[in-house]
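Undergrad: Got chain A sorted already, so can you dock chain B onto it with the hints?
Chains A and B, in that order, give the protein sequences.
The opening position of the first sequence corresponds to residue 75 in this note's numbering, with each subsequent residue numbered one higher.
The opening position of the second sequence corresponds to residue 75 in this note's numbering, with each subsequent residue numbered one higher.
Hints are computed from structural coordinates only; laboratory data are not their basis.
Predicted, not measured: the structure shown is a model, and the values here were computed from it.
Relax, there's no trap hidden among the hints.
Copies of the same chain look alike in the list, so a pair counts if it fits in one copy or across any two.
Taking lysine to any residue pairs in the SDA-like style, the calculated list, with each CA pair at most 25 Å apart, reads:
no., residue 1, residue 2
1, K76, K90
2, K101, C187
3, K90, G337
4, K390, R297
5, K235, Y437
6, K76, Y313
7, K203, R85
8, K101, A204
9, K451, R397
10, K466, L401
11, K451, A406
12, K107, L158
13, K107, Y81
Protein chains: 2
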Amino acid sequence: MKNFSYYTPTRVVFGKGAELQTGELIKAQGAKKALIHYGGGSVKRTGLLERICQSLDDAGVEYVLLGGVVPNPRMSKVYEGIELCRREGVDFLLPVGGGSVIDSAKAIGYGLCYDGDVWDFYAKKAVPKACAPIGAVLTLSAAGSEMSDSSVLTNEEGWLKRGCNSDLCRCRFAVMNPELTYTLPPYQTACGATDILMHTMERYFTREPDTSLTDALAEGLMRTVIESARTALRDPQNYDARAQIMWAGSLSHNGLTGCGTVGDWASHQLEHELGGMFDVAHGAGLAAIWGSWARYVYKEDPARFAQFAVNVLGCKNDFADPRRTALRGIEAMEDFYRSIGMPTNLRELGVEPTEEQFRELAYKCSFQNTRTIGSFKVLNIDDIEAIYRMAK
Amino acid sequence: MKNFSYYTPTRVVFGKGAELQTGELIKAQGAKKALIHYGGGSVKRTGLLERICQSLDDAGVEYVLLGGVVPNPRMSKVYEGIELCRREGVDFLLPVGGGSVIDSAKAIGYGLCYDGDVWDFYAKKAVPKACAPIGAVLTLSAAGSEMSDSSVLTNEEGWLKRGCNSDLCRCRFAVMNPELTYTLPPYQTACGATDILMHTMERYFTREPDTSLTDALAEGLMRTVIESARTALRDPQNYDARAQIMWAGSLSHNGLTGCGTVGDWASHQLEHELGGMFDVAHGAGLAAIWGSWARYVYKEDPARFAQFAVNVLGCKNDFADPRRTALRGIEAMEDFYRSIGMPTNLRELGVEPTEEQFRELAYKCSFQNTRTIGSFKVLNIDDIEAIYRMAK
Chain A
75 MKNFSYYTPT RVVFGKGAEL QTGELIKAQG AKKALIHYGG GSVKRTGLLE RICQSLDDAG
135 VEYVLLGGVV PNPRMSKVYE GIELCRREGV DFLLPVGGGS VIDSAKAIGY GLCYDGDVWD
195 FYAKKAVPKA CAPIGAVLTL SAAGSEMSDS SVLTNEEGWL KRGCNSDLCR CRFAVMNPEL
255 TYTLPPYQTA CGATDILMHT MERYFTREPD TSLTDALAEG LMRTVIESAR TALRDPQNYD
315 ARAQIMWAGS LSHNGLTGCG TVGDWASHQL EHELGGMFDV AHGAGLAAIW GSWARYVYKE
375 DPARFAQFAV NVLGCKNDFA DPRRTALRGI EAMEDFYRSI GMPTNLRELG VEPTEEQFRE
435 LAYKCSFQNT RTIGSFKVLN IDDIEAIYRM AK
Chain B
75 MKNFSYYTPT RVVFGKGAEL QTGELIKAQG AKKALIHYGG GSVKRTGLLE RICQSLDDAG
135 VEYVLLGGVV PNPRMSKVYE GIELCRREGV DFLLPVGGGS VIDSAKAIGY GLCYDGDVWD
195 FYAKKAVPKA CAPIGAVLTL SAAGSEMSDS SVLTNEEGWL KRGCNSDLCR CRFAVMNPEL
255 TYTLPPYQTA CGATDILMHT MERYFTREPD TSLTDALAEG LMRTVIESAR TALRDPQNYD
315 ARAQIMWAGS LSHNGLTGCG TVGDWASHQL EHELGGMFDV AHGAGLAAIW GSWARYVYKE
375 DPARFAQFAV NVLGCKNDFA DPRRTALRGI EAMEDFYRSI GMPTNLRELG VEPTEEQFRE
435 LAYKCSFQNT RTIGSFKVLN IDDIEAIYRM AK
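This is chain A alone, in the form it adopts within the complex (with noise of 0.2 Å):
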């Protein structure tokens, strides 16, 4: 077991009608005036937005819309929030939406801090050293951004993805209403669930020993996600399962699940040069390129996967030879990521690299040949081409 730190300041404020709360926990964080920031129209036309804004008129807090986040969020959005704070003296940032938007946010919080160019921090040029105050109103349960250290975000002047780790930008608040998430379509919600397990996969499979604690945590979450996966697809409007998702998604990304663990992250490196390439949507990206990926290294640490089908799939446990037991396990996933949707290779994702962008893909996910990437097994240019080749 690693020494390690754990930090989790966000307020969760949790349940039907939390976005009633929102206007008190800005005014509570001492705010005036609050950007509200967004993406597309749903939060429109479901009535979320108004709710959100009657809110802060009865705390009689302030406000500013912005709009317009993409997935894979942009710097221009960003540039655009900055100024616009700017200029309205803005003291509080409230993204209302998922992962994006609160990266969006996250990024315009460390710009109102900072005189130079944002990016900076993105193409680590710079160290962030403080934050304008987020909180966060949550509508996807996916990204786990609503309590993460983590933004990513995308410069279109080379589009370059880049991401920035700092407990500076951990949201004061967040506020979850599981109902929130009824209306994403069903392969939304997949792609949520995929995300979720996979932040607690990479720090699962780890070399370390004796991690017992965080081992049941996170077994115990990944059983509870796959199978609340499963009720909100067949009964999208079932609070329970939509809740149980919910939480697991900020208790998957929120450092819980790796404490004392040394993550590996591979298939986090191998689904980004995808999603760089091909315009695929990153759950269904890792649920693509994992399976390859698992039967890449297993053996490594026959013993870990082993564990992994027996606590987290419910396989039957070949007590004469792990190695098997650890297929099994791969196996029961990739069962798992079908039946809900998830494709399990690359075909499946709708994507068919041709032997050149074979090696681009491995070229670029060891930049430029300079670095390894994973720590179950350490992988190079020659392991990532095996592996994408591997999920053809």
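TA: Positioned in the frame of chain A, the structure of chain B alone reads:
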């Protein structure tokens, strides 16, 4: 699943040598002068106090010392602390110890921000509006005060033991080095593990349906504590067992294991009066009363106790009758308590109340027959007396 709020702002610094960061952690809070608050001589004997002082010296943080906190910490020490801090211009409280020391520091923290008598908050005559900043160095895995919102103090005037709960007193940081618990006597290790389990069980035994994620986390935590307590008693210097128990102690009482449930807390109320009338260790008192409470209430929802039996204690499920499975679980839990040297009735606890004392315990526990306790089954004065007698 009930609506809930969850707020755990404490920065956890966990692992070997963590105490060496104490000075820098205080400095990062902008504090200039700390009160180092502790109990008996063990922190001196082990050299811990010296290492902490050195760490503060290195960080340029001044400090004054105040030892002598006793188990069931007392208001006289709190008043002494408040006076000392005011005289010395202390702006940060650093308890070094377990729950008693941390709770004492929390009361000092409230007192420093209040013109009246700090006991007002414990006597429910006033509600705290502020608390001086606190950071804890934990030396005992049990009470979970390092991440909780609670403190319990005893006022020698009338020997009243009262609690005060407020997010204001949550520690800014908690330094947790499991090695610091190597030297605990076996009885204290076992009492601590029991306290941790009971903090989880009080939240777990709920009539609220559909709390599957919280259930899974709680069950995993309890399984881990049960296994690790056995290991730690057999092998006191087993780092990993000590680490699981220490981290579980924080998570069991920071709110995580109760998200969406309605806690019961009857066992704590029953133990509270035992502790008031007889001089018993909190954990041992809880173990002594729990089995009787469980047998008295389980028929209200045998399925819940059956789930506990199977998922926590690995009992065989009797599919035909959940009541039989439930009873197996209660027996298995008592077997576990005995295996770590904990009592499972009052005689084993070393307490033999007279007929009159049984009536007095129930009278006091029901606040002179003016309140009920518990929620899994609501217990009146007659129920309470019956449970005390069952525990004979």
